[in-house]
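Q: Start from the sequences, fold in the hints, and give me the full structure.
Number of protein chains: 2
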Amino acid sequence: MKSLKVIKIGGKVIDDDQKLDHFLNDFASVKGPKILIHGGGSIATKMGERLGIKPNMIDGRRITDAETLEVITMVYGGLVNKNIVAKLHSLGAKAVGLSGADLNIIPAKKRNPKPVDFGWVGDVETIHTEWLSQFLDNEVVPVLAPLTHDQNGHILNTNADTIASSVATALSKDFETELLFCFEQPGVMNDGKLITKMNLLLYRYLKDGGIITDGMIPKLDLGFSALRKGVKVSIRSFEDVAKTESGTRLVK
Amino acid sequence: MKSLKVIKIGGKVIDDDQKLDHFLNDFASVKGPKILIHGGGSIATKMGERLGIKPNMIDGRRITDAETLEVITMVYGGLVNKNIVAKLHSLGAKAVGLSGADLNIIPAKKRNPKPVDFGWVGDVETIHTEWLSQFLDNEVVPVLAPLTHDQNGHILNTNADTIASSVATALSKDFETELLFCFEQPGVMNDGKLITKMNLLLYRYLKDGGIITDGMIPKLDLGFSALRKGVKVSIRSFEDVAKTESGTRLVK
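Protein chains in written order, with full-length UniProt numbering: chain X, 1 to 252; chain W, 1 to 252.
Hints listed in this document are in silico derivations from the structure and should not be mistaken for laboratory results. Worth double-checking, as some hints may not be accurate.
Because identical chains cannot be distinguished in the list, a pair is counted as satisfied if it fits within a single copy or across any two copies.
Distance condition first, Cα-Cα at most 25 Å in a straight line; then the derived BS3-like pairs of lysine-lysine [stated by the list, open to error]: (1) K2 <-> K173; (2) K110 <-> K193; (3) K109 <-> K94; (4) K110 <-> K94.
A: Quick look at the structure:
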């Protein structure tokens, strides 16, 4: 089976031109079939602020109201996505920038407004892999923005980690797939020290102990879910994207 | 030879949700291979105003400075493009939204800054048709935003009429191609009356007489250039996109 790397790059790297350039250089050097999934980081928040759109929050979580959806469609689907595609091309990697609406790659379901109405947020229904495989077979790099659609004409906001994990899992039937969550930390940390291997037992222990918190929890849940379905998973620094082993590796 | 329709939709239709819906409904009903090229109309201008970006004009022509490029990359490549793709899908047409950077479809050259520096504006170098043909052969509708790239990592702003004419001409080697410029008028008008057929002689006569002015001049120049290369060309109302004959037809 051919191998495939599904690489998610975090928002704080995208926010920083120098870090993003560094990452894209290394990413372009990664051999073999690969897919990039990006967030939009604080660019969308800043753009929203400049447009006078007040963040609408419930329990610390942002609501995707109609105005916010407009901003993320612009920033994720346009600004970030197209600039990454243009840069990758200049680095010798032919890329295609896509949202989940394009080629109907990711149909999603608008989240139930009860108990909390998160607005235009989509939960992935399925991943249509035919065109992704077609691109990969032709040495084209799909660059996915974290946008899906409801098949009724609406774009939806979907978490980039979720898309990365869903895409990696779906393609693991055709490829020996590796999922890399790249961000600005060396991996999962405990008291300033990198944890190089993590299994479910250790994860639960550290979560219960309050060592693993916040955004790392859904990321690890998604990682372990992909691992169970046969995907190799690591959480690592954006500077280590081209390395064979690095960061925190999830194990059974 | 298979037939192909390359359809350009004007900015004033995109500005108006009702007109755009009407157009997309009819567009989705057009049988056979088709490509949609859209502008961004005043949405980009309004977004620029909301962001406090002052239009930078020379001789009545807008300069694409770095801030303006950011806005049009967001609006054309993200907001307008992805919403059209999602809507087309809901109307039964599988679509893929692309800029000229995606799949390196449209490499362009940044315009010479002398005599006038128009900023991040690109002149089309070539159209790579392989992926466009691949999509069309699989009943996928390419939806092109008027963005190109310089192959050195920069997105460029390119006129949508130019892209439409270049794409139609390039694909006319593989398809019997028709180019439709759709907008909010019935066609080329003289004194409130539609001109149903136009050849080069009549065009020059009306241009010299001041009947044909402004934006219609480059549109007709592009149309006649495509016609010379074997493309069937008409300029018509967005309401007539699905009609066999309508508006002003260019003839030799």
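Q: Looking back at the numbered hints, which does the structure fail to meet, lowest number first?
A: 2
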